[in-house]
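K.L.:
Position chain B against the provided structure of chain A, taking the given hints into account.
Residue numbers (the working numbering), protein chains in the order written: chain A, 21 to 492; chain B, 21 to 492.
Watch out, some of these pointers could steer you wrong.
Same chains, same names: a pair is fine if it fits in one copy or spans any two.
Claimed, not checked - The calculated lysine-lysine pairs, modelled on BS3-like cross-linking and capped at a C-alpha distance of 27 Å, are:
{"no.": "1", "residue 1": "472", "residue 2": "171"}
{"no.": "2", "residue 1": "370", "residue 2": "271"}
{"no.": "3", "residue 1": "306", "residue 2": "91"}
{"no.": "4", "residue 1": "450", "residue 2": "271"}
{"no.": "5", "residue 1": "370", "residue 2": "306"}
{"no.": "6", "residue 1": "450", "residue 2": "91"}
{"no.": "7", "residue 1": "472", "residue 2": "487"}
{"no.": "8", "residue 1": "91", "residue 2": "137"}
{"no.": "9", "residue 1": "480", "residue 2": "189"}
{"no.": "10", "residue 1": "306", "residue 2": "189"}
{"no.": "11", "residue 1": "189", "residue 2": "91"}
Treat the hints as calculated values from the structure; they're not laboratory data.
Number of protein chains: 2
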Amino acid sequence: MSHCSTQNNDCTCWSCPSVEFKGHVDLRACGQAAFKKAASGQLVVECKRQPELGYFDPMSITFETCPQWKKTEFGNLLQGMRVMILGMDGYLGWPLALKLAQLGCEVFGIDNFIRRKLVKERDAQSVLDILPMEERLQLAEERLNSKIHFKEIDLLDRTALNNFIAEVKPESIVQFAEIPSAPYSMASADNAARTLENNVIGTLNLMFAIRDHAPEASMIKLGTMGEYGSPLTGRPLFEGIFPGEATLQYKGEEWSLGGELTPRDPVSFYHVSKVQGTFNVYEACKYWWLRSYDVMQGVIYGTATPETAAEPGLATRFDIDEWWGTVINRFVAQAAVDVPLTIYGSGNQKRGYITLKDAIQCIIRLIATPPEPGQYDVVNQVTDVFTVRELANTVARIAHDEFGLNPIIQRVENPRVEAEEHPYDVIHEKLVNEFGFESQSSLDDEIRQIFKAVLEPEAKARILEQKESLPD
Amino acid sequence: MSHCSTQNNDCTCWSCPSVEFKGHVDLRACGQAAFKKAASGQLVVECKRQPELGYFDPMSITFETCPQWKKTEFGNLLQGMRVMILGMDGYLGWPLALKLAQLGCEVFGIDNFIRRKLVKERDAQSVLDILPMEERLQLAEERLNSKIHFKEIDLLDRTALNNFIAEVKPESIVQFAEIPSAPYSMASADNAARTLENNVIGTLNLMFAIRDHAPEASMIKLGTMGEYGSPLTGRPLFEGIFPGEATLQYKGEEWSLGGELTPRDPVSFYHVSKVQGTFNVYEACKYWWLRSYDVMQGVIYGTATPETAAEPGLATRFDIDEWWGTVINRFVAQAAVDVPLTIYGSGNQKRGYITLKDAIQCIIRLIATPPEPGQYDVVNQVTDVFTVRELANTVARIAHDEFGLNPIIQRVENPRVEAEEHPYDVIHEKLVNEFGFESQSSLDDEIRQIFKAVLEPEAKARILEQKESLPD
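Isolated chain A (complex conformation) (with noise of 0.2 Å):
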């Protein structure tokens, strides 16, 4: 990716997804860059959006001078991409569709609406009322001019999965369609195996579809942080993979360990199957050069995009409870209702957080900048580090200062296998030097957000009807 300028204006036709190489061309025969190498004045593509150039060398048009890339806030994008949201019904997948549609998009979106039924199973619900998806679209066209494409299908459902993206030919798809929740994924055997057949055969399913409907689409996966878990040594948690500088040492000799995956430690099945994921988009994409990035998000908080707020009926869901909702969420929807906030332990776990905004701004630029041919690479999608006290006492403070409410903080005895204290040195520098990443939040501004939103009236209800779905 080193070849992209932070706007992608230096990338060229050999990553974007309208070029179909021509010829026989074994692209497994040979390594990446090779190959690469090779094709600059030796191989041919032809542009299928625009047939009349004929045959030409992929390396001769670059996006900015492409007339089918133009310059968007967060990079050149196609003019009317085809972007398949899987997962559009969910809390990334929402915001997503609509911040692309608005950049001139053209959205596609799919989604089997577990996630509701889950978390009505749970006697939870979105603290922010969410409207049926026909609801939500037609409102997304009448108020922002968007006109989104949506379709009901389960990943599992090979046929239908297989006919939408024949005919869509998706020239981008990301992957949000897993079930998310860690202490779900542990409750039962069946939990457990529901969460792996939806996310890890469902993914599976989705690399043969790509293969035989869409190859050149760049594929955009959701990983998570988790993937890797926290290491008592310290060591970096590098971006997936370790990069050329990091060596293995044993027995006196030296070895590079640069281009094979770092060690993964997931913390329960839900963390294993985005593992047993990981390891599916890796084989595609080495075995049929298929091309993807992997995303190790860290936790999401807050509510709104500048989309979402525009109306009502145009939020996405806000869980809370403590199967489906994330902990800064949490913390600020009990402190509006006076409930106390809840640390495991000694609170000194750290993990990596980014808004629900920064989220949505590095797919987008994820997006932009599509892999090559054959290339699995993998991001942290992690602004800050903070540990879970901090978050409980920055929460309380905004809380009390700026909302005259006055939360309790309150400790509990841990209930989850982790070490409380340990170091946690997270790298995430791709996104930031090499997609040209820049947050646009921080924590304060963002709890500020979500208290504002969580004590109207209408939410604070919600938020009280499932007092007994929070932790204590």
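P.N.:
Structure of chain B alone, referenced to chain A:
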């Protein structure tokens, strides 16, 4: 494991599956080593086999001094040890069952017979005729005086699996019930999904069943050397987990990698499923303090063991087709009927190998020295490293010199995505140093034995019937 002598005489009740910790013990609350230290003199156990002993210190009785553990040719084994073999109808499962029964274990098998179905779907067949399970069991009883129990169960049927484990309360569980073919897994989305579902969800279900009904059982999981790939740097292929002396160097700093899983690099969705299974087992040991050895097995070859050779009807399956056979077995079968031995590309691909007999010895030695509570460990089950070309040459030489055959070795373009020239430095020390394994086979002897078996008229006929399914 270093606490055990090679004959497992010095192992204590700490590792014994017949022992239960008494009182309120949260095994997960502290690290494994720390807990063991604390346990000595502090914690007490009860023996399910000898309740008359009352409560006692788990470190006070060794396998050598306990009357329940009896010396066998492969170390001490519990008298009438209840061993459950998942996939007992398979190539490895059946001879393991016969051997364990000979050693005085009470053997319980399950199988869903999917291997028989899949081989048939491919229009292939075992070169040695395999009787239906009931007849195999009857013959084993008549000829070897071995009463082996069996139940047809699919690991995806959680209720049946739970019930059987609750009923048997196995002291050791050997997980061979996985679909083992790389080319099968790559041939279609259906096959890949079936492989992942059977292998990954099947093993997940098993871990829950063990947690709920046999948490002290040791679990031996069959993996493959192919989980590691073959890094082109030539770094050692450690036994699954970095040893303490292995360090990471990066930007002038150094950290031990000891205890972390080594990078995996699977080469097909079958291999991916094995890596995914590794993470299921790893998680269950970490989270629930279950106990497991994960066996990274080399390519297996050979046919008879003393027990399967006792009578033709006791033979284990012997597959040679491109999907279900393995390379040495196939080469001998091809030579036996004058079909050329096929080498892909240069033939310099190196892999680790082990004979059926040696593999069974290894598994029994692992059963004999169970892991400690919470222990997840990995062994590389390999005796030799050969190139494909060496194997073809050896088979051709023995065919010519000893059996009067004249096999041709032919090279074809490599249809696989693999480096043909690569280093391959496999570490395989644990089984020898810590479990007392000694190889009782040699390549030449084993090839001779296979020739004798497949040159029988009935076997030759069965090879010729499936000529179409051999590589060409």
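K.L.:
Now tell me, hint by hint, if it's right for this structure.
P.N.:
Status of each hint after checking the structure:
In this homomeric assembly, residue 472 and residue 171 never come within 27 Å of each other (Cα to Cα): the closest approach is 33 Å inside a single copy and 61 Å across copies. Proximity of residue 370 to residue 271 under the C-alpha cut-off of 27 Å is restricted to the inter-copy arrangement: shortest distance 23 Å between copies versus 34 Å within a copy. When the C-alpha separation of residue 306 and residue 91 is checked against a cutoff of 27 Å, the pair qualifies neither within a copy, at 31 Å, nor between copies, at 49 Å. Taking the closest pair of Cα atoms, residue 450 and residue 271 come within 27 Å of each other only across two copies (17 Å); inside a single copy the shortest separation is 33 Å, beyond that limit.
Taking the closest pair of Cα atoms, residue 370 and residue 306 come within 27 Å of each other only across two copies (20 Å); inside a single copy the shortest separation is 34 Å, beyond that limit. With identical chains, the CA atoms of residue 450 and residue 91 are at most 27 Å apart within one copy only, with a shortest distance of 21 Å there and 58 Å across copies. For a Cα distance limit of 27 Å, the shortest separation of residue 472 from residue 487 inside one copy, 19 Å, qualifies, whereas the shortest one across copies, 73 Å, does not. Taking the closest pair of Cα atoms, residue 91 and residue 137 never come within 27 Å of each other, the shortest separation being 39 Å inside a single copy and 56 Å across copies.
Taking the shortest Cα distances, residue 480 and residue 189 never come within 27 Å of each other, neither inside one copy (43 Å) nor across copies (51 Å). When the C-alpha separation of residue 306 and residue 189 is checked against a cutoff of 27 Å, the pair qualifies only within one copy, where the shortest distance is 22 Å, while the shortest distance between copies is 43 Å. Only within a single protomer do residue 189 and residue 91 lie at most 27 Å apart by alpha-carbon distance; the minimum there is 23 Å, versus 65 Å between protomers.
Of the numbered hints stated above, those contradicted by the structure are hints 1, 3, 8 and 9, listed in ascending order.
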